Each structure stands twice: as structure tokens, then as C-alpha cells.
Amino acid sequence: MRWCLTLFICCFLAAVNALSSSGSRLLAVLEDTEQKDLYSTLWADLEARGYDVSFESPKSDQLALFKHGERAYDHLLILPPKSKGLGPSLTPKHILDFMNKDGNILLALSGKSATSSSISSLLLELDIHLSTDRSHVVVDHFNYDTLSAAEKHDVLVVQRPGPLRPDVKAFFDGEGVLALPRVAPHTLGYDSVLLSPILKSPATAYSYNPKEGTPAPEDILATGSQLNLVSAMQARNSARFTVLGSVEALEDQWFSAEVKTPNGKKTPTVNREFAKQLTAWAFKETGVLKVDKVEHRLATEGAELNPSIYRIKNETVYNIEISEYVYDKWVPFEVPGDDELQLEFTMLSPFHRLNLQPIHRTDTSTVFSAQFVTPDQHGIFSFRVNYKRPFFTAIEENHEVTVRHFAHDEYPRSWAITGGWVWIAGLWSVIGGFLAFVVVWLYSAPVVDKLKKSQ
Amino acid sequence: MAPSSLNVMLKGSSGRSTRGLLRVIILCTIAAAAVSSRLFSVIRFESIIHEFDPWFNFRATKYLIENGFYSFWDWFDDRTWHPLGRVTGGTLYPGLMVTSGVIYHILRLLTIPVDIRNICVLLAPGFSGLTALAMYLLTSEMSTSPSAGLLAAAFMGITPGYISRSVAGSYDNEAIAIFLLVFTFYLWIKAVKNGSIMWGALTALFYGYMVSAWGGYVFITNLIPLHVFVLLCMGRYSNRVYISYTTWYALGTLGSMQIPFVGFLPIRNSDHMSALGVFGLIQLVAFAEFIRTYLPGKEFQKLLTSMILLTVGLGFGGLVLLSVSGVIAPWSGRFYSLWDTGYAKIHIPIIASVSEHQPTAWPAFFFDLNFLIWLFPAGVFMCFQKLKDEHVFVVIYAVLASYFAGVMVRLMLTLTPIVCVAAALALSSILDSFLVASTPSSSSEAKEKPTAEDKSLRSTRKPVVGIYSFFSKSVVVGSVIVYLLLFVAHCTWVTSNAYSSPSVVLASKLPDGSQYIIDDYREAYYWLRQNTPDNAKIMAWWDYGYQIGGMADRPTLVDNNTWNNTHIATVGKAMSSREEVSYPILRQHDVDYVLVVFGGLLGYSGDDLNKFLWMVRIAEGIWPDEVKERDFFTARGEYRVDEEATPAMKNSLMYKMSYHNFQSLFPPGQAMDRVRGTKVPKESPQLNTLEEAFTSENWIVRLYKVKDLDNLGRDHSSAVAFDKGLKRKRATKHKGPRVLRTE
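If you read the protein sequences in the order shown, they are chains A and B.
Each residue of the first sequence is one higher than the one before, counting from 1 in UniProt numbering.
Each residue of the second sequence is one higher than the one before, counting from 1 in UniProt numbering.
Don't read these hints as lab results, they were simulated from the structure.
Bear in mind that the values here come from a model prediction, so they are computed numbers and not experimental data.
Heads up, some of the hints might be wrong.
As the list claims (entries may be wrong) - Here are the in silico distance ranges between beta carbons for each label pair:
1. 415(A) x 215(B): 31 to 39 Å
2. 25(B) x 438(A): 43 to 51 Å
3. 438(A) x 16(B): 39 to 47 Å
4. 724(B) x 59(A): 23 to 31 Å
5. 578(B) x 424(A): 56 to 64 Å
6. 724(B) x 315(A): 52 to 60 Å
7. 291(A) x 215(B): 33 to 41 Å
8. 203(A) x 581(B): 39 to 47 Å
Claimed, not checked - Derived list of chain A stretches under chain B, where covered just means 3 residues or more per stretch with a C-beta under 8 Å from a C-beta of chain B:
9. 93 to 106
10. 124 to 130
11. 373 to 386
Glycine included, C-beta positions come from ideal geometry on N, C-alpha and C.
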């Protein structure tokens with residue numbers, strides 16, 4: 001009954017309001033109202049999806065990310081300030097604290113002016129690197145918009161990105177082209193697993209500082225796919241940080257513009273659609289996974305649920321129920337393409353690593369399951385599901401159980417072991433022989449007496 | 001009136017019962033003295049468990065009482081040796097816990113509700129009273145003198161060598177094991193004397209109890225066969241010896257195999273092979289004796305030599321074959337260290353690191369045994385004079401135990417009983433000679449001789465010479481009384497000052513003479529108990545494992561049951577390596593808190609930095625390439641913790657945890673470590689992967705919480721640097737080719 005009610009309320013809410021899975025308080029940090037008007041379609045779209053958008057200037061005294069030690073907003077959208085920095089209430093430390101408390105951030109950069117050094121050092125903490133002078137712009141002499149940047153070649157026209165890898169779900173794909181004017185590019189640390197590029201620049205693109213004229217080869221930050229236009233970072237607590245290289249792409253004028261590549265047709269941009277996908281992902285409307293229930297038990301019927309102790313060589317079943325949030329509702333999670341959801345049964349190192357198979361599907365979730373025999377090793381083991389993929393929030397489920405040895409009365413009895421029959425036979429023959437000997441000894445005594453008498 | 005009534009009471013049949021009554025009263029008094037002299041610590045401090053090991057025994061006893069015997073038998077302990085766990089039910093000697101559990105249930109049955117803690121605290125003193133009784137019985141078997149047994153009982157009751165392991169609160173296996181040891185020997189002597197199956201079976205029964213109580217049972221396992229072997233070599237084979245030994249060996253071995261921890265060791269372990277060998281030998285000897293009655297001498301000689309050759313050849317070959325093929329386990333390390341005192345230091349640092357396993361210092365013998373130690377050889381000599389079967393036993397025991405006591409401090413405990421026996425024999429014969437023996441002047445022979453030579457000097461006419469003179473009697477008896485009084489005074493003093501201070505609570509004196517209790521351990525353990533989740537894993541050096549398990553009730557990585565050397569070495573490596581090396585180890589073992597003991601503020605010398613070299617050595621034994629003892633010594637070979645400490649020392653986790661923020665207690669540049677007596681560096685060591693969680697009042701116990709991985713994927717040092725407000729430097733340009741990111 002309660003379940004039905006909850007579902008009903010959920011449906012009702014979904015019908016009225018699409019809502020992020022982690023709250024609706026969105027703070028847009030921008031300089032003034034004049035700037036705000038440039039993005040009116042974006043604000044309207046966000047509000048239509050259920051966000052309470054508040055606007056603050058970075059210089060404002062009112063601006064505070066925390067109130068009484070708690071987050072005052074759920075999401076933060078930072079547009080590049082014209083002035084040098086973001087002010088005293090948006091220092092890198094504040095922003096990182098905001099992330100550490102599960103706040104999501106969408107940071108837009110612009111190639112029009114130099115990026116402030118405080119943003120640069122913030123990005124450096126996240127292993128996202130800007131060029132040394134922080135004023136590079138991406139140019140591409142093959143994929144540029146001939147209508148608006150015939151000379152400078154700095155309005156990129158690119159396809160929407162497909163899946164990053166075959167085993168990663170695509171959240172930003174679709175038909176149509178994007179127009180990205182004056183992108184401030186960045187590169188990603190080569191070994192950071194928390195970072196993932198959303199949109200890489202085309203193979204022919206490179207970046208340079210337009211104010212310094214023709215670049216020397218060694219000044220180039222990066223080229224081709226190493227140069228990122230839009231990137232995402234998910235912290236270990238799944239707080240999201242998105243960097244968008246070109247803030248202008250969100251402006252009203254680019255939402256409805258038409259572009260033409262050097263050897264292509266005139267086509268309308270899909271910037272508005274992409275902005276929706278990007279903000280939806282950044283503010284946790286998509287790609288959010290939730291573990292509803294974890295169950296483990298013995299494979300026998302009517303076994304106790306989630307016991308804290310198992311025995312070695314027990315047949316064990318593990319079930320995990322996972323939902324995925326898509327815009328406004330929880331849906332059953334499906335493991336993308338080539339990927340597998342895996343269960344580890346581990347003590348210091350995994351003793352089992354098994355693929356979990358979907359066995360059951362409810363309206364909002366999928367139940368994955370695996371069955372295995374606990375190893376012949378006692379100790380403190382964990383059922384561990386560690387599913388961390390680009391663009392999905394992390395699943396890290398760790399359930400500690402004890403695996404004990406055989407108790408003294410759980411071994412097979414001696415007569416049940418055929419190999420032991422020899423020994424059992426030996427044992428009883430010795431006992432029997434001894435008894436027989438005693439009997440013979442006792443009853444043979446009188447004979448000796450007779451012999452003695454005859455002697 | 002008075003003398004005549006005394007005569008009535010002391011002579012004749014009523015005299016015998018009077019003496020019996022007196023003896024009972026004296027024994028009860030001795031037992032009471034034995035118990036009460038062990039209560040210093042309870043009266044001075046409180047009724048708690050003291051040392052490290054007893055905390056495990058106490059915890060196991062509580063488990064036994066809460067869950068019953070069968071679940072205790074099958075106990076898998078998931079709160080120690082994380083994440084390996086310990087099959088505790090199968091790897092402990094259950095005798096102690098079962099004994100106190102039985103006492104607890106009997107008292108409950110009698111509707112006397114006693115807290116199990118009090119039973120555990122008072123078990124050792126209670127059993128020491130029984131030990132005194134057993135000692136009386138054993139010594140009475142050795143001597144016809146009635147005073148020998150009483151003296152031995154009194155010695156055993158108060159000698160510090162035994163008190164050291166049986167004061168109230170030291171709830172250790174030895175608490176009941178020494179009683180069992182003495183009583184088993186008494187039964188064995190009884191069995192050999194009587195050649196009775198009953199006494200042999202009783203010996204086996206108590207031997208089984210002993211096996212269930214203490215690993216030192218191996219001493220009995222080897223001593224009894226040795227006794228029999230020596231008797232055989234002396235040509236003293238008799239049916240008495242055969243019956244008692246075979247009964248004991250068959251029943252005792254079966255009994256000992258019932259203890260899961262012992263299991264099949266009696267037939268597979270080298271330590272037990274002598275008992276098996278003597279068992280075989282005595283069968284052969286019995287067979288030879290049997291043959292001898294049927295065969296003429298010459299043929300018997302031939303048969304005997306050929307049989308001996310064949311047996312020795314077969315036995316030796318079989319032993320070598322079984323040892324090589326691994327059926328018989330090789331000698332254990334502890335066994336080797338009994339013969340070569342330097343063995344453990346080189347090969348098994350974990351054994352050498354225990355102070356109990358160090359060779360005994362000479363003064364310790366006098367300290368623990370006082371004047372018994374010089375009466376001891378006299379008593380052994382007197383056994384040589386009589387040299388019946390039981391005296392042979394005393395001689396063998398004395399020789400073996402003296403050797404072992406010299407090798408290991410801890411084995412002083414097994415020497416003490418035989419010293420008491422021998423000393424009591426010697427002292428009682430002195431006292432008997434000087435007190436009881438009366439001048440043989442009344443005899444007629446003595447009277448007639450002097451009459452023949454009546455013309456000699458008057459002074460020599462009635463010679464009151466030697467031991468019959470009152471003077472010599474009074475001098476000897478007086479000095480013996482003085483020695484005895486000094487012995488009592490010494491024992492009381494030693495017990496009070498050396499063996500009654502619990503190591504959990506440290507007592508010190510303030511300048512005005514009042515007592516000041518340093519209670520840091522319990523403070524820290526209670527902090528853990530009340531401020532951490534129930535399954536927070538604590539890493540500490542193994543010395544503190546049992547206490548953390550017992551007092552803080554939190555899972556530990558290693559503890560005093562040192563069954564897994566590699567696991568201990570892992571902890572040693574984590575403590576002695578750089579943070580970057582240690583942190584993955586801590587993460588892999590799910591460590592939540594790290595505990596270190598630091599005595600630098602107070603001058604408490606038993607702290608972890610002083611034990612640190614053992615951690616390094618044990619870790620080096622497993623990872624010789626990663627941890628090197630040499631790195632912790634300066635170029636001049638000094639172990640330093642001040643400015644000139646080696647980089648390996650300064651970067652080790654143990655050093656950092658010990659001195660973290662220590663400098664802030666002192667004016668700048670004057671931080672002083674009172675244990676090592678040196679100044680410590682001005683700058684506090686920088687800890688990145690741990691954060692201080694708790695430090696006790698006198699800084700003895702320090703607890704650190706292991707940080708989680710950085711939320712943003714940075715390494716800890718740069719995260720800490722960022723929090724401190726330092727700006728991150730851009731990675732300097734690589735000289736080589738650019739590293740490209742691939743997805």
C-alpha cells in the first residue's frame with residue numbers, strides 16, 4: 001500500500017516537475033543582469049525542469065555557499081567573471097568544500113578573456129590543466145563556422161559526442177552539430193580516473209593565444225583529441241564538476257543559430273539540446289545510480305537474510321537491486337553494452353570475481369544476482385560491488401561477513417568416509433582379538449593344572 | 001602438669017592423630033599465607049586483570065560463559081587478526097577458561113553470585129594454595145621426615161619465583177599449570193613406587209588436564225620418559241616401572257590428543273618423540289626380561305646384542321626417513337632456542353623480542369629463590385645418597401630445570417618446584433639432625449666403654465661433642481631460623497615491590513610521597529570503546545592486541561598470540577616505512593585507527609620507539625629489500641631520534657606518530673624526550689595520511705585515524721598542502737615526450 005502511494009507521489013511529482021535527484025537549489029554566479037539576459041533561454045529551460053535558480057554576483061556580500069555549516073545550494077553554475085577573480089566567497093577552497101559536501105558544479109570558461117588565476121588553481125587541484133597564460137583559444141581550420149568566424153576560425157562546429165568507450169553509456173549523443181565559439185581549452189591529467197572528457201576537439205584542432213600572433217610549436221597546449229572542450233570530473237563522493245570551454249555556446253543567439261562548415265551545408269545548431277543534456281548530467285538528472293537493496297544468504301530455502309557469519313564451502317546467493325535516475329524518475333538500471341557489473345568476494349584480495357546477472361526487474365529497479373561457493377579459507381571477507389564508470393555515480397557496496405571453519409560436528413562421520421573403513425576394521429579387529437585373547441586366557445587355565453598334576 | 005599433658009598428646013596413638021591434626025592446620029595456614037601474599041595488587045589498586053596475555057584469557061572466559069562450551073570449542077574469532085581471523089577454539093589451551101567457568105557455574109549453583117572477573121582475578125592465588133598442598137604430598141614421598149613436606153609446602157607458598165606468575169590478577173595459564181605440574185609429578189612418583197595401574201591412570205588424567213592448560217606440558221612429556229630411561233640404564237627395570245609408564249603413556253597420549261590445539265602432535269612432533277621412543281624401548285626391555293627367564297645366558301647375550309643393533313638401526317633409519325619425508329614435524333623454533341640462546345636472535349626475531357625469552361641474569365636466581373638456591377645443591381646431593389627411584393627423578397628434574405631456567409627467564413617457573421623440594425629435603429635433614437637426634441648417652445654400650453677407661457681426663461669422660469652439644473644445636477637452629485625469617489621478609493618484599501604492580505596501571509610517587517596513578521591505557525581504551533564504531537579496526541604492535549580486544553572491544557590486526565609471523569611483519573612494515581608505503585597497507589587491511597605507545601613525555605621506557613627495532617627486524621625478515629635495519633642506525637651505528645636521526649627513521653610512520661605535535665608542549669627548541677634523553681627536532685613531523693584522533697593525559701597512548709582517500713583524487717600530501725593554503729605548483733615541463741591521455 002505504502003509502496004503504491006510512494007509510486008503515485010513519484011509519478012505525480014514527475015508529471016508536474018522534472019527534478020534533479022539531488023535537490024533543486026541552483027545558484028548561478030554571474031556578474032550582472034546584462035549578462036543574465038544573454039542566457040534567458042537557458043534559465044527558462046532550467047526553471048521549466050524544476051530548478052529554483054538564484055542569481056548572485058561574485059562580488060556580492062550575500063553570496064555564501066554554506067549556511068550554518070551546511071550547503072546553501074545543491075548546484076552551482078559559474079559563468080566566467082569579467083573581473084580578475086571570483087571574489088572572497090568563491091575561493092578554490094570554498095568550491096572544493098562545496099564538492100566535498102556533495103554539491104555539483106558547472107563551470108563555464110570563455111576564450112574571450114584570460115581565465116582568472118583562482119579558477120586556474122582550482123582546476124589544477126582537480127588535475128585539469130589550462131595553458132600557462134590562461135588565454136588560449138581553440139582553432140580548427142577544417143571544422144569552423146564559415147558564417148561567423150570566416151577569418152579567425154575560432155567557432156568550432158562539431159558533432160555531438162558518442163560513447164566515450166564501447167562499455168560506457170552515452171549521455172550526450174544525438175543528431176546535429178554544435179557550435180562552440182571561442183573555446184578556452186583544457187587538458188586532463190593523464191592518469192586521473194575521476195576525470196572523463198565529454199567533448200574532445202576534432203583531430204585537426206589546436207590552441208594558441210590569439211593576442212600573441214602565430215604560435216610556436218612548443219607553445220601549443222595540446223592538439224587534436226588531447227585538447228578538451230567539455231570535461232567532467234566526478235569526485236569519490238559522486239559530486240560532479242563539469243567544465244564547459246565555451247560559455248557563449250549557452251547564449252540564446254547560439255541556441256538558435258545556423259552554421260556552415262567549409263564544405264558543408266547550412267544547418268541549425270543543437271546547442272539547446274546539448275545544454276539540456278549537459279546541465280542535466282551536471283546537476284544529477286541523469287547518470288545517477290542508486291542501490292536499493294543488498295541481500296546475501298545461503299542458497300538453501302528459507303535461509304536467514306544477511307547473516308553475519310558463513311562457513312567455508314557454503315553455497316551463497318548475493319542479490320543487489322539497482323536503479324538509475326533518468327531526468328525525472330527511477331528506472332531499472334541496465335548495464336551498458338560491453339560492460340559487466342561484478343561482485344567480488346574478497347579478503348585482502350578477491351577470492352571470487354563474478355559477473356552479476358540481471359534476474360528480475362521491477363518498475364524502478366533491476367535485481368542482479370550471483371551464486372557461488374564460499375572459498376575454502378576462513379577469515380573476514382567482504383561482498384564488494386565496486387562499480388565506478390565514467391558518467392555514472394559510483395557504486396561501492398561493502399558488506400563484511402565472517403567465514404568460519406567447520407565446527408567439530410560438521411565433518412562427515414568416520415563411517416561415511418569409505419577410505420576410513422580399513423582403519424575402522426583394524427580398530428574393531430584389535431578390540432575383538434583382545435577380547436578373544438582374554439576369554440581364551442581365562443578358560444585355558446585348568447589345563448595347566450592337569451599337566452602339573454600328571455608331572 | 002603442662003609437660004605431662006603435652007606428652008599424652010604427642011605420644012602413642014593419640015599423639016599420631018594430634019600430629020595429623022597439627023599437620024592439617026599447618027598446611028591450611030600455609031595455603032592461607034600463599035593466597036594472602038598474592039593479594040597486594042588487589043588491595044593496593046583494584047580487582048582487575050593486569051598483564052597483556054591474561055586479557056585474552058579473560059575475554060575467552062567471558063565468551064565461554066556467555067555462549068557455552070560447544071560454541072567455545074568451535075569459536076572462530078573475527079575480532080582478532082583482521083582480516084584472517086583466528087580459529088581460537090582450536091588454537092588455545094582451554095584448561096584455564098574451563099576451570100574458571102566450572103568454578104563460576106558451581107558457585108552459581110550454590111546461589112553465590114560472583115562476578116566472573118573476580119573469579120579470574122583470584123584464580124591464581126587460589127590455585128597457589130593447592131600447589132602448596134601438592135608440594136607437601138610430593139616432598140613427603142621423597143623423605144621419611146615429616147617436616148620436609150611441610151617445609152617444601154611453605155617454600156612453595158611464598159617463593160617469589162612462583163609468585164611472579166600467580167599474583168592476583170595475573171590470569172595466565174601458569175596460574176593452574178604449576179599446580180598440575182607438581183601434582184602430576186606426585187602421582188607419577190606414587191605410580192612408580194606402587195607399580196599401580198590406578199596411580200598411573202591418575203597420572204595420565206592429570207597429565208591430560210595439564211595438556212589442556214599450558215604449552216609447558218612438553219616438560220612433563222619429556223621428563224617422565226627420561227626418568228624411565230635413566231632407570232632402565234641403571235638396570236632398575238621392574239614391573240612397577242613398566243606398568244606405571246605404559247599406563248601413563250597410553251592413556252595420557254590419548255587424553256592429550258583430545259585437545260584440538262595439540263591434536264596429532266604427540267605422534268608427529270619431534271618434541272614428543274622421546275616419550276614414544278621410551279615406550280617402544282620399555283616394551284623391548286620387558287620382552288628381553290621375559291626371554292631371559294627361558295634362555296640360557298650365552299644365547300641370551302647373542303640375542304640381546306643382535307636385537308639392540310637391529311632396533312637401533314631400524315629406529316634411527318625410520319626417524320631419519322620420517323623427518324625427511326615430513327611426517328614428523330621438524331623441531332620448533334622455540335625448541336632450538338632452548339639449546340642455542342643465540343638462535344632466536346638470528347632466526348626468529350619474534351621469539352627473541354619477548355623479554356621472557358631472554359636468558360636469565362644470575363641475580364635473578366637469588367632474587368626469585370633467596371636462600372633456597374644454595375640449599376638446592378645440598379638437597380640434590382642428599383638424593384644421590386639415597387638414590388631410590390623417586391630420588392633419581394628429583395636429580396633428573398633438577399639438572400634439566402636448572403639448565404632451562406638459565407636459558408630462559410620464563411622457565412624459572414619450572415625450576416622453582418624442584419628447588420623447593422630439594423631445599424626442603426636439605427633443611428629438614430639439618431633440622432632433624434640437630435633438633436630430634438638425642439645424645440646417645442643413655443644406651444648401655446656407651447656407658448660401659450667409658451668405665452673401662454675411667455682414668456682419663458674428666459672433661460673427656462662424658463664427651464658432649466659434635467651435634468649433640470647444646471651449643472651447636474642452638475647455633476645451627478638459630479641460624480636456620482634467621483635464614484627462614486629473612487626468607488619470609490625477602491619474599492614479602494619482592495612480591496610487594498616487584499611482582500604486584502600491574503602493567504595496565506602505572507603507579508608513581510609524587511614529590512610529597514603520595515601515590516599517583518597513571519591510567520593512560522584504560523583512558524585510551526575507553527575512548528576507543530565509546531567513540532569508534534563497533535567494528536573499527538585498530539592497528540597496533542602485537543603487545544597491545546589482547547588489551548585492545550579485551551578492554552576496548554575492537555578488532556585488531558595482530559595480537560599476543562603470534563601465530564602468523566607474516567601478518568606481524570606486515571604491521572612492522574607499515575610502522576617502519578614511509579607514509580606512501582604504509583598507506584596502501586593500511587587501506588588493504590581496512591585499518592581505521594593506529595595506536596602507538598609513546599613514553600617520551602613521562603619517561604615510560606616500555607614504549608613503541610624502544611621496541612621499534614624489533615618491528616624493523618621482523619619486517620626485514622619478510623621483506624629484506626624494503627626494510628633494512630641498517631637504515632635506522634646512523635653512520636656511526638647509533639640509534640638516534642634527534643636531529644641527526646637517519647632519514648629512514650625520520651620518515652617512518654612510527655617516528656612521525658610518536659613525535660607528532662610533541663614539540664608544541666615545550667618552548668621552541670627545547671622539546672625533550674625523557675626516555676631516550678635527547679632533544680627532539682624543532683619541527684613537528686608532517687603526517688599526511690593520518691590525523692590525530694586522541695592522545696591520553698600523559699601522552700602514553702596516541703591514536704591516529706587513517707584518512708580516507710582524497711575525495712578529489714589528489715594524493716594526501718598535496719591535499720594537506722592545499723588545506724594549509726599553499727598553492728600548487730604547475731607540474732614542471734617534462735623533458736621527455738608528452739604523456740598522452742587515453743581513455
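Worksheet entry | Hints breached by this structure | Of the numbered hints, just 7 does not hold.
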